[in-house]
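Got chain D; can you put chain V on it based on the hints?
There are 2 protein chains.
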Amino acid sequence: MEFKSEYKRRQDEVERGLEDQMEILEGKIPSELYKSMSYSLMAGGKRLRPVMLLEFSKFGSWDYKKAMPLACAMEMIHTYSLVHDDLPAMDNDDLRRGKPTNHKVYGENIAILAGDGLLNYSYETMIEGMASENPGYVLALREISRAAGVKGMIGGQVDDIKNEDVNIDIKTLDSINERKTGALIKASVLSGAYFSELDQDKIKNLEAYSDKMGLAFQIVDDILDVTGDVEKTGKKSGKDLENKKTTYPSVYGIEKSRKIVDGLYEKALINLKKAEADTEFLVKLTSFLCSRDY
Amino acid sequence: MEFKSEYKRRQDEVERGLEDQMEILEGKIPSELYKSMSYSLMAGGKRLRPVMLLEFSKFGSWDYKKAMPLACAMEMIHTYSLVHDDLPAMDNDDLRRGKPTNHKVYGENIAILAGDGLLNYSYETMIEGMASENPGYVLALREISRAAGVKGMIGGQVDDIKNEDVNIDIKTLDSINERKTGALIKASVLSGAYFSELDQDKIKNLEAYSDKMGLAFQIVDDILDVTGDVEKTGKKSGKDLENKKTTYPSVYGIEKSRKIVDGLYEKALINLKKAEADTEFLVKLTSFLCSRDY
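Sequence lines, in order, name chains D and V. Each residue of the first sequence is one higher than the one before, starting from 1 at the first, in the numbering used here. Each residue of the second sequence is one higher than the one before, starting from 1001 at the first, in the numbering used here.
The shape of chain D in the complex, shown without the other chains (with noise of 0.2 angstroms):
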């Protein structure tokens, strides 16, 4: 099968995933927090994160639908960082996946509240599906509660914050990519493992695919900002040129960029393989994260 259609089924899976999550609450919660809420989580996006996530709990024997919880809580743990993201007093965003961004339709103090919910409403999808019998269900929420906070996600976003008007060094930056964007595509492909009960040298070598990948991942997300048509990646270009950011494109320029982002890919699919299972999907998904231009 061709990858789209096959990236698009697993997509539409999730999609159902998130609707089922969202349903629960609607009714129940005030309605403008609930539109908010689900304005920013349903905005469509490439479901990146939950779309790995399931993929790698399918490398074990445990029922990969049972991982759902986790993976819409990765959903929702990257949207909330966006929407907050976004706000005036952080990087003051119009736009978002195409749309104007949260606060522009909700106003900041329900954006900040939604935000807040999205969070916290991660927390409790997972905990809610917790009945599952699998002890690496826990692992793997302890791995996702660590890659969003502080020592990850957080942490990433509070450094990057600092990297503007300033020259930083490439360790610097990869110690803030590593976190900033990282650690959620990290946790996606180690929650999963966890949660196939994958055994130590098996974990080892997807840790250091996802390494790849995340900081791949990223580069091409900052090539895309120099490069990228507004019409297909759905935010404004040439945000860290306008804010003087320190990035791969801005050290190494374009081409070389491109190049570093060729040689992550090539060691990626070796770590990949390593994994012993059925990774043709992956292989076609890592290839497309790669090379995407959105």
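Keep in mind the hints are simulated off the structure, nothing from the lab. Note that the coordinates shown come from a computational prediction; the quantities given were computed from them, not determined experimentally. There's no promise every hint is true.
[As the list claims (entries may be wrong)] Covered stretches of chain V, going by a simulated chain D footprint (3 or more residues, C-beta under 8 angstroms):
id : region
1  : 1115 to 1129
2  : 1136 to 1144
[Stated by the list, open to error] Below, simulated DSBU-like cross-link-like pairs (lysine-lysine); rule was C-alpha separation at most 35 angstroms, straight line:
id : chain 1 : residue 1 : chain 2 : residue 2
3  : D       : Lys-46    : D       : Lys-232
4  : V       : Lys-1028  : D       : Lys-151
5  : D       : Lys-66    : V       : Lys-1202
6  : D       : Lys-58    : V       : Lys-1232
7  : D       : Lys-274   : D       : Lys-65
8  : V       : Lys-1004  : V       : Lys-1065
9  : D       : Lys-46    : D       : Lys-28
10 : D       : Lys-28    : D       : Lys-202
11 : D       : Lys-35    : V       : Lys-1162
12 : D       : Lys-244   : V       : Lys-1028
13 : V       : Lys-1104  : D       : Lys-35
14 : D       : Lys-66    : V       : Lys-1065
15 : D       : Lys-99    : V       : Lys-1104
16 : V       : Lys-1244  : V       : Lys-1273
17 : V       : Lys-1004  : V       : Lys-1284
18 : V       : Lys-1204  : D       : Lys-28
19 : D       : Lys-273   : D       : Lys-151
20 : V       : Lys-1028  : D       : Lys-162
21 : D       : Lys-151   : D       : Lys-232
22 : V       : Lys-1028  : D       : Lys-171
23 : V       : Lys-1151  : D       : Lys-8
24 : D       : Lys-239   : D       : Lys-35
25 : D       : Lys-28    : D       : Lys-8
26 : D       : Lys-28    : V       : Lys-1239
27 : D       : Lys-99    : D       : Lys-66
28 : D       : Lys-104   : V       : Lys-1245
29 : D       : Lys-256   : D       : Lys-171
30 : V       : Lys-1274  : V       : Lys-1259
31 : D       : Lys-244   : V       : Lys-1104
32 : D       : Lys-28    : V       : Lys-1028
33 : V       : Lys-1008  : V       : Lys-1151
34 : D       : Lys-259   : D       : Lys-244
35 : D       : Lys-104   : D       : Lys-58
36 : D       : Lys-99    : V       : Lys-1162
37 : D       : Lys-202   : V       : Lys-1204
38 : V       : Lys-1245  : V       : Lys-1151
Ideal Cβ positions, reconstructed from N, Cα and C, are used throughout, including at glycine.
Just chain V now, with coordinates in the frame of chain D:
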């Protein structure tokens, strides 16, 4: 022993628990983020919720100290909600617990992320502490996650925003209070009760107790907003009148509001005593909460 010193001893225990949790992060997250989180979390405060949670965790045969991660998490959740609540886009407050609010010191962007960080760290803390063999721990975790969420506290905050410049009836006001303040108070009681593995009848009684206590606590807060001394409360008075908010004092006046608190107190005590446990301290605590001047 006198109530004050009994309370102080418990408060200090919580203080040490919170210090331990923050120490784990020291040097491992961006220093500005660490300072901002500590600033609000370690700013004193009554520590009412964790003190209650631990007290109700003593009712069963489990070592109540194993409930410390839940207690700390409860205070982190309470604190993050205050940090976000004080933001310019929300209540725009300058003073909290007698000190400048978080965003006044660290800026809005860091305050938003510190709030997010505290919320996420509350779950990390609870999940790390889950090693315990006590099946009541997970029920407590679930109770807390629901209370903190959009059906609980966050939903109450959204409806509370709309309770400005408009007249709402007592039923709507009660529903806001139940969620905005009551949900976390109730969860402090119930999560302790779950941790103690109390039977359904006792839990029902404690639910009734906490419903009354939560409402009484909020009415006392609203009375203090009218009559309180900033030196004691640590926050500006007269805000509800300024924002034309409907409260018990605005509807019934101070004297009748105090009588309502007395009535709730009497009823709460009857429910509390049905717990058939050592409630000596809790009786004094309930009395204090209904008659406090800060």
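Evaluated hints:
Against chain D, the region 1115 to 1129 of chain V contributes 10 residues with a C-beta closer than 8 angstroms to a partner C-beta. That satisfies the three-residue criterion, and the hint holds. A count of 3 residues in the region 1136 to 1144 of chain V with a Cβ less than 8 angstroms from any Cβ of chain D is obtained; the coverage claim is therefore met, three being the minimum. Between Lys-46(D) and Lys-232(D) the alpha-carbon distance is near 12 angstroms, which keeps this suggested pair within the 35 angstroms criterion. For the given pair, Lys-1028(V) sits about 7 angstroms from Lys-151(D) by alpha-carbon distance, which is consistent with the 35 angstroms threshold.
Note on Lys-66(D) and Lys-1202(V): the hinted pairing holds, with a Cα-Cα distance of about 33 angstroms set against a maximum of 35 angstroms. Between Lys-58(D) and Lys-1232(V) the alpha-carbon distance is near 58 angstroms, which puts this suggested pair outside the 35 angstroms criterion. With a CA separation close to 24 angstroms, the supplied pair Lys-274(D) and Lys-65(D) stays within the 35 angstroms bound. As the CA atoms of Lys-1004(V) and Lys-1065(V) are separated by approximately 21 angstroms, the hinted pair is consistent with the 35 angstroms bound.
This hinted pair checks out: Lys-46(D) and Lys-28(D) have alpha carbons roughly 28 angstroms apart, not beyond 35 angstroms. For the hint pairing Lys-28(D) with Lys-202(D), the CA-to-CA distance comes to about 43 angstroms; that exceeds 35 angstroms, so the pair is violated. For the proposed pair Lys-35(D) and Lys-1162(V), the alpha carbon gap of about 15 angstroms is at most 35 angstroms, so the pair holds. Under the criterion of a C-alpha separation no larger than 35 angstroms, the hint pairing Lys-244(D) with Lys-1028(V) is consistent with the structure, at around 27 angstroms.
For the hint linking Lys-1104(V) to Lys-35(D), the alpha-carbon distance of about 31 angstroms falls within 35 angstroms, and the restraint holds. For the given pair, Lys-66(D) sits about 33 angstroms from Lys-1065(V) by alpha-carbon distance, which is consistent with the 35 angstroms threshold. Simply put, Lys-99(D) and Lys-1104(V) have alpha-carbon atoms about 32 angstroms apart, close enough for the 35 angstroms limit, and the pair holds. This hinted pair does not check out: Lys-1244(V) and Lys-1273(V) have alpha carbons roughly 39 angstroms apart, beyond 35 angstroms.
For the proposed pair Lys-1004(V) and Lys-1284(V), the alpha carbon gap of about 10 angstroms is at most 35 angstroms, so the pair holds. Our distance criterion of 35 angstroms between C-alpha atoms is met by Lys-1204(V) and Lys-28(D), whose separation comes to about 22 angstroms. Taking the CA atoms of Lys-273(D) and Lys-151(D), the gap is near 29 angstroms; set against the 35 angstroms cutoff, the hint holds. For the hint linking Lys-1028(V) to Lys-162(D), the alpha-carbon distance of about 17 angstroms falls within 35 angstroms, and the restraint holds.
The suggested pairing of Lys-151(D) with Lys-232(D) holds, with an alpha-carbon distance near 32 angstroms, which does not exceed 35 angstroms. Simply put, Lys-1028(V) and Lys-171(D) have alpha-carbon atoms about 16 angstroms apart, close enough for the 35 angstroms limit, and the pair holds. With a C-alpha separation of about 32 angstroms, the suggested pairing of Lys-1151(V) with Lys-8(D) holds against the 35 angstroms cut-off. About 28 angstroms separates the Cα atoms of Lys-239(D) and Lys-35(D), which keeps this hinted pair within 35 angstroms; it holds.
With a CA separation close to 31 angstroms, the supplied pair Lys-28(D) and Lys-8(D) stays within the 35 angstroms bound. Taking the CA atoms of Lys-28(D) and Lys-1239(V), the gap is about 29 angstroms. The hint holds against a cut of 35 angstroms. Taken as a hint, the Lys-99(D) and Lys-66(D) pair is honoured in the structure, with Cα atoms around 32 angstroms apart against an allowance of 35 angstroms. For the hint pairing Lys-104(D) with Lys-1245(V), the CA-to-CA distance comes to about 26 angstroms; that is within 35 angstroms, so the pair holds.
Between Lys-256(D) and Lys-171(D), the direct Cα distance comes to roughly 17 angstroms. Compliance with the 35 angstroms bound is thereby established for this hinted pair. Restraint check for Lys-1274(V) and Lys-1259(V): satisfied, since their Cα atoms lie roughly 24 angstroms apart, inside the 35 angstroms limit. For the hint linking Lys-244(D) to Lys-1104(V), the alpha-carbon distance of about 26 angstroms falls within 35 angstroms, and the restraint holds. Straight-line distance between C-alpha atoms of Lys-28(D) and Lys-1028(V) comes to about 39 angstroms, which puts the hinted pair past the 35 angstroms bound.
For the given pair, Lys-1008(V) sits about 33 angstroms from Lys-1151(V) by alpha-carbon distance, which is consistent with the 35 angstroms threshold. For the hint pairing Lys-259(D) with Lys-244(D), the CA-to-CA distance comes to about 23 angstroms; that is within 35 angstroms, so the pair holds. Proposed proximity of Lys-104(D) and Lys-58(D) is contradicted: the alpha carbons are some 39 angstroms apart, above 35 angstroms. Annotation: proposed proximity of Lys-99(D) to Lys-1162(V) holds, straight-line Cα distance about 26 angstroms (limit 35 angstroms).
Pair hint Lys-202(D) plus Lys-1204(V) does not hold up; C-alpha atoms about 48 angstroms apart against a cutoff of 35 angstroms. With a C-alpha separation of about 22 angstroms, the suggested pair Lys-1245(V) and Lys-1151(V) falls inside the 35 angstroms cut-off, and the hint holds.
The structure shown violates the earlier hints numbered 6, 10, 16, 32, 35 and 37.
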